[in-house]
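Let's have the full structure, built from the sequences with the hints guiding it.
Chain by chain, the residues:
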Amino acid sequence: MSKDLITLLLISPLIGFLINGLFGKWLKNVSGWIASLAVLIPFIISAFFVFPAVRGGGELKAMLYEWIPIESLNIGFHVDALTTVMLLVITGVGFLIHIYSIGYMSHDSGRARYFAYLNLFVFAMLILVLGNNYLMMFIGWEGVGLCSYLLIGFWFDRKSATDAGKKAFIVNRIGDFGFLLGMFTLFAAFGTLNFDQVFGLAETNTYEQVFGASTLIVATLLLFIGAVGKSAQIPLYVWLPDAMEGPTPVSALIHAATMVTAGVYMVARSSILFNLAHTGVVVAWIGVLTALFAATMALAANDIKRVLAYSTVSQLGYMFVGVGVGAYASGIFHLMTHAFFKGLMFLTAGSVMHALSDELDMRKMGGLRSKLPITYWTFLIGALAIAGFPLLSGFWSKDEILHNAWDSGHQIIFGIGLLTAFLTAFYMFRLIFVVFHGESRVDSEVESHLHESPPVMWIPLVLLAIPSLIIGAIVGWGGEHSAIHNFLKGVTGFVAHHGKAEHSNPVPFMIISSIVGIAGILVAWFIYRSKTPVSEPTNPLHKLLANKYYVDEIYNAVIVQPIRGVSHYLFWKIMDVGIIDGLVNLTAFIIRGIGGSIRRLQTGVVQAYVVSMVIGIIIFLGYYLFIR
Amino acid sequence: MTNIASIPYFIPEIVLVVFAVVIILYDLGSKKTGGNGAAYLGLVGLVIAVITALVIGSEDRSLFLGMVRLDSFAMFFKIIISVATAATILFSVRSSELDPETKGEYYALLLAVTLGMYLMASSTHLLMIYLSLETVSLTSYILAGFLTHSPRSSEAAFKYITFGAISSGTMLFGISLLFGMTGTGDIMLISSKLGEMFSQGDVYPLAVLLSITFILAGVGYKIASVPFHMWSPDVYEGAPIPITAFLSVASKAAGFALFIRLFYSGFKSADASIDWSMMLAVVSALTMTVGNLAALPQQNVKRLLAYSSISHGGFLLMGGVLLTSEGLQAILIYLIIYLFMNLGAFFVVILIANEVGSETIDGYRGLVSRAPLIAVSMAIFLFSLTGLPPLAGFAGKWILFAAVIKEKLYWLAVIGLLNSVVALYYYVRIVKAMFLESSDDTESLSFSPGSLVLLLIFVVPTLLLGIYWNPLYELSRASLGKLMG
Numbered sequence: 024m025s026k027d028l029i030t031l032l033l034i035s036p037l038i039g040f041l042i043n044g045l046f047g048k049w050l051k052n053v054s055g056w057i058a059s060l061a062v063l064i065p066f067i068i069s070a071f072f073v074f075p076a077v078r079g080g081g082e083l084k085a086m087l088y089e090w091i092p093i094e095s096l097n098i099g100f101h102v103d104a105l106t107t108v109m110l111l112v113i114t115g116v117g118f119l120i121h122i123y124s125i126g127y128m129s130h131d132s133g134r135a136r137y138f139a140y141l142n143l144f145v146f147a148m149l150i151l152v153l154g155n156n157y158l159m160m161f162i163g164w165e166g167v168g169l170c171s172y173l174l175i176g177f178w179f180d181r182k183s184a185t186d187a188g189k190k191a192f193i194v195n196r197i198g199d200f201g202f203l204l205g206m207f208t209l210f211a212a213f214g215t216l217n218f219d220q221v222f223g224l225a226e227t228n229t230y231e232q233v234f235g236a237s238t239l240i241v242a243t244l245l246l247f248i249g250a251v252g253k254s255a256q257i258p259l260y261v262w263l264p265d266a267m268e269g270p271t272p273v274s275a276l277i278h279a280a281t282m283v284t285a286g287v288y289m290v291a292r293s294s295i296l297f298n299l300a301h302t303g304v305v306v307a308w309i310g311v312l313t314a315l316f317a318a319t320m321a322l323a324a325n326d327i328k329r330v331l332a333y334s335t336v337s338q339l340g341y342m343f344v345g346v347g348v349g350a351y352a353s354g355i356f357h358l359m360t361h362a363f364f365k366g367l368m369f370l371t372a373g374s375v376m377h378a379l380s381d382e383l384d385m386r387k388m389g390g391l392r393s394k395l396p397i398t399y400w401t402f403l404i405g406a407l408a409i410a411g412f413p414l415l416s417g418f419w420s421k422d423e424i425l426h427n428a429w430d431s432g433h434q435i436i437f438g439i440g441l442l443t444a445f446l447t448a449f450y451m452f453r454l455i456f457v458v459f460h461g462e463s464r465v466d467s468e469v470e471s472h473l474h475e476s477p478p479v480m481w482i483p484l485v486l487l488a489i490p491s492l493i494i495g496a497i498v499g500w501g502g503e504h505s506a507i508h509n510f511l512k513g514v515t516g517f518v519a520h521h522g523k524a525e526h527s528n529p530v531p532f533m534i535i536s537s538i539v540g541i542a543g544i545l546v547a548w549f550i551y552r553s554k555t556p557v558s559e560p561t562n563p564l565h566k567l568l569a570n571k572y573y574v575d576e577i578y579n580a581v582i583v584q585p586i587r588g589v590s591h592y593l594f595w596k597i598m599d600v601g602i603i604d605g606l607v608n609l610t611a612f613i614i615r616g617i618g619g620s621i622r623r624l625q626t627g628v629v630q631a632y633v634v635s636m637v638i639g640i641i642i643f644l645g646y647y648l649f650i651r
Numbered sequence: 113m114t115n116i117a118s119i120p121y122f123i124p125e126i127v128l129v130v131f132a133v134v135i136i137l138y139d140l141g142s143k144k145t146g147g148n149g150a151a152y153l154g155l156v157g158l159v160i161a162v163i164t165a166l167v168i169g170s171e172d173r174s175l176f177l178g179m180v181r182l183d184s185f186a187m188f189f190k191i192i193i194s195v196a197t198a199a200t201i202l203f204s205v206r207s208s209e210l211d212p213e214t215k216g217e218y219y220a221l222l223l224a225v226t227l228g229m230y231l232m233a234s235s236t237h238l239l240m241i242y243l244s245l246e247t248v249s250l251t252s253y254i255l256a257g258f259l260t261h262s263p264r265s266s267e268a269a270f271k272y273i274t275f276g277a278i279s280s281g282t283m284l285f286g287i288s289l290l291f292g293m294t295g296t297g298d299i300m301l302i303s304s305k306l307g308e309m310f311s312q313g314d315v316y317p318l319a320v321l322l323s324i325t326f327i328l329a330g331v332g333y334k335i336a337s338v339p340f341h342m343w344s345p346d347v348y349e350g351a352p353i354p355i356t357a358f359l360s361v362a363s364k365a366a367g368f369a370l371f372i373r374l375f376y377s378g379f380k381s382a383d384a385s386i387d388w389s390m391m392l393a394v395v396s397a398l399t400m401t402v403g404n405l406a407a408l409p410q411q412n413v414k415r416l417l418a419y420s421s422i423s424h425g426g427f428l429l430m431g432g433v434l435l436t437s438e439g440l441q442a443i444l445i446y447l448i449i450y451l452f453m454n455l456g457a458f459f460v461v462i463l464i465a466n467e468v469g470s471e472t473i474d475g476y477r478g479l480v481s482r483a484p485l486i487a488v489s490m491a492i493f494l495f496s497l498t499g500l501p502p503l504a505g506f507a508g509k510w511i512l513f514a515a516v517i518k519e520k521l522y523w524l525a526v527i528g529l530l531n532s533v534v535a536l537y538y539y540v541r542i543v544k545a546m547f548l549e550s551s552d553d554t555e556s557l558s559f560s561p562g563s564l565v566l567l568l569i570f571v572v573p574t575l576l577l578g579i580y581w582n583p584l585y586e587l588s589r590a591s592l593g594k595l596m597g
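Line by line, the protein sequences give chains A and B. Following the numbering used here, the numbering of the first sequence begins with 24 at its first residue and continues without gaps. Following the numbering used here, the numbering of the second sequence begins with 113 at its first residue and continues without gaps.
These are computed hints drawn from the structure, not numbers from a lab. Please note: incorrect hints may appear among the correct ones.
Calculated lysine-lysine pairs in the DSS-like style (CA-CA distance at most 30 Å, straight line) [stated by the list, open to error]:
(1) Lys-190(A) / Lys-571(A)
(2) Lys-544(B) / Lys-182(A)
(3) Lys-189(A) / Lys-544(B)
Just so it is clear, the structure is predicted and the values come from calculations on it, not from any experiment.
Structural data, given as structure tokens:
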């Protein structure tokens, strides 16, 4: 029964993908509804998994079948509390984004292809979180990467879109390579990739010390490289801002709510390994530095989607701080709230673009509050949530992470996190004031057909705004004893309080972070309530930020160009054309020659055939008589 | 079990004989020529034979005073052979090569050859082994030469007879030597006698070696292994395409059944001193290499597939040199997979020969735009034959290589892998022609719904068995039964 539930849950988006992929041509407007239904079914099933009884007490396991009959390389799935949270986020937010896409993509001729990819993405993402071993996780991991690539480059007739797709793919390969090496290390050490077995053996310290005492350190850091790529952390974050070339609902689903959080999920899933290896501190530092770095870049961006993209990178950093300092449940909590409010903000940004004929430049907006009231209010809720406005969802999860960072003895991380929180509130409200308040700077031609989005688009906005408002308070109230912590207790285990027996009082932290958040909003109001952002940055710091610290240029000069040069001259001209092609051609020449002579043996003369048979028998006998 | 008591367990074979006779009578009686009644009668006969075989079950029984054995191993091969025959009948109905007037005998002969193959899979006595082999050979000669208007076909039949007669004569010589030494024809008894003789030193090894080598000539001829393979390219090219498909799959499967019974039930005890497994390992390596290299320059797709089927015989033989049950299991699994992908590929050749009228690679140019479903199916079969994941051929090769590597025969595994690379080249040439080259003819080809359904019957397992092969694994394990002792 339960196994059938998992099968149905998995197969439904796959069927959606097949229907839209094979018959999309004839489906026209129906394709979006089919795709949405294919995600709604898993959502309903996931909702049942919230009750532990459905999961059979705690954890539901289903071995669908063995692929390669080797221990632990099975097509096996399991559902536990952590998976359930991920399932709900993926299918819940995913379903709303599918519905929204029906409106957003209604004029696009390739929408069947779009929905096919979107369903395929959901399928891969479900495999990623349902797998009961690292191999299944990796299959899903690669699957979502592929779909991300396909969807970033969805409008493949635009060069910038295909470039962005390639960039995302290549940068992710670096991370995936780390993930693969991490998997190999685990397999060499444990002889298995099953979560249960790996974690059990790790806890009892019975595994092959392939790298001596630092085996687990090596393994977890390699896995984390994968997470750095997939979740866009320093130094591999560069692909995510460019990924905004894809359709906006894709940015909401893949590049904000779900795929990019796979790294956070992976670290939380491997919490036992990270605890034993004590590598969480690396995770937390990378996370907090990324959070700050990305937030500063968001300050100077003028493209509405890029602001949100940097904000996503920054918030992912927070999540890594959470899982890095051992507060796994808090990290996952922030992942969940972030999925709601960031998904919401991307969709509202899409709504703005929809109204303004795909305009992205904030400098050409302004005063949209009265024209797009639903969009404005829902965006405001999302922005308040991310800014940590008291009692909204982001407030609870972000505060927990900062509080845990302090309690685990990382005061500097706490400090940087707090600064980032201030910057977050500031750049988000800079965006609000510039886009929705003040004078309208919209082109008159565009302004004439300015309109609020149709219901199929604004209803998902409202449905996402509600959890952005209240979900934090519902599941996060009560800190250690809140609903989300109780729910995840079995999976993510203990919160490591390095040296401290218990939590300090959370109330002062809440007050501090509220003040910081509100201060950010006020400063933004003070600067941007009437001023438009300057088009050409003049002061050097601004210029540095506006040019994204020149990181793309630095990567290009330090990595891309040298590799290109070496590839072109050494590997292509000399190695490839000279040596390898030469060898290949030589081999082909020889083999073709042998093939030709064998063919000539086949003369068609039957006497010759018989002679060859007799000779063969004589050789056999001769070998045994004289040589052996 | 006595002769009379054995008859109830022999019903499937009797059904085949009865239907062969019925087909001939029907053909005599029916007025109109060109109907497919005989073909459908043949199908019905096959289905009844398989059903009765399943009803009788596969409990170990020795029939006809130890001539024939009924066991799960024989059952496995009977079903494979029946599926191949059924496919051949359906192909023949759709092939435009065959003369409609002579179709009656054709289907009767197909049932007769099936009967011979059933016996090849279940014989446990040297005499019965020889008789079954001859039954299959004689009927195959006729079927290969069935295109009476085509000189190529007659030539193929003639070469087949000449080569076959010499091989079977050689084999008979080997059998007589063996009988002379052991005084029995029952292969189980031979096995224990040989073991006894070797342990007491009461044997002249050269005589045993001679007899095993000579018997190998007969078996090697059936599975087309080097140096007994020379007949097969010419015969495969000259025979009607459905018969080529049949010979390359069913005949090979029956040959392997015979090989496993003889060498594993009979000669296993002799391996310690004669080391025939090493001899066969060399044969296996040579067979796949020769088959592949000769396939490289072929322009005729039918001939290319003929050579490729020689090399697949070499691959299959790899599993037979290991003396382990994993090796035999790999053979059985590979045979099932090979059945689907190879028959599928030949079916496409038939369809293209019907519609385009060409058997050369040039005839496949631009097929993807003319008949996309056919082109994609063909690509699936060819990639599966190469052994690319996640197709069935990959699963077959994976299991085979895993068994070889487990026995530490690394050199053989390396040769096998290199051969897979070579195979990729010539298979991809066809794919390239279908997908990347364009043809002067651009009008799309139409195929009957029946043909497309039949095609799907081969495509689906080729796709599915690559990602889900557990049932195959279990089936092959069960089918080996007590064979390995």
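Structure-based check of each hint:
Proximity of Lys-190(A) to Lys-571(A) is assessed by CA-CA distance (about 16 Å); at most 30 Å being required, the pair is judged to hold. In summary, the hint linking Lys-544(B) to Lys-182(A) is supported, as the alpha carbons are separated by about 29 Å, within the 30 Å threshold. Restraint check for Lys-189(A) and Lys-544(B): the C-alpha separation of about 26 Å stays at or below 30 Å, so the hint holds.
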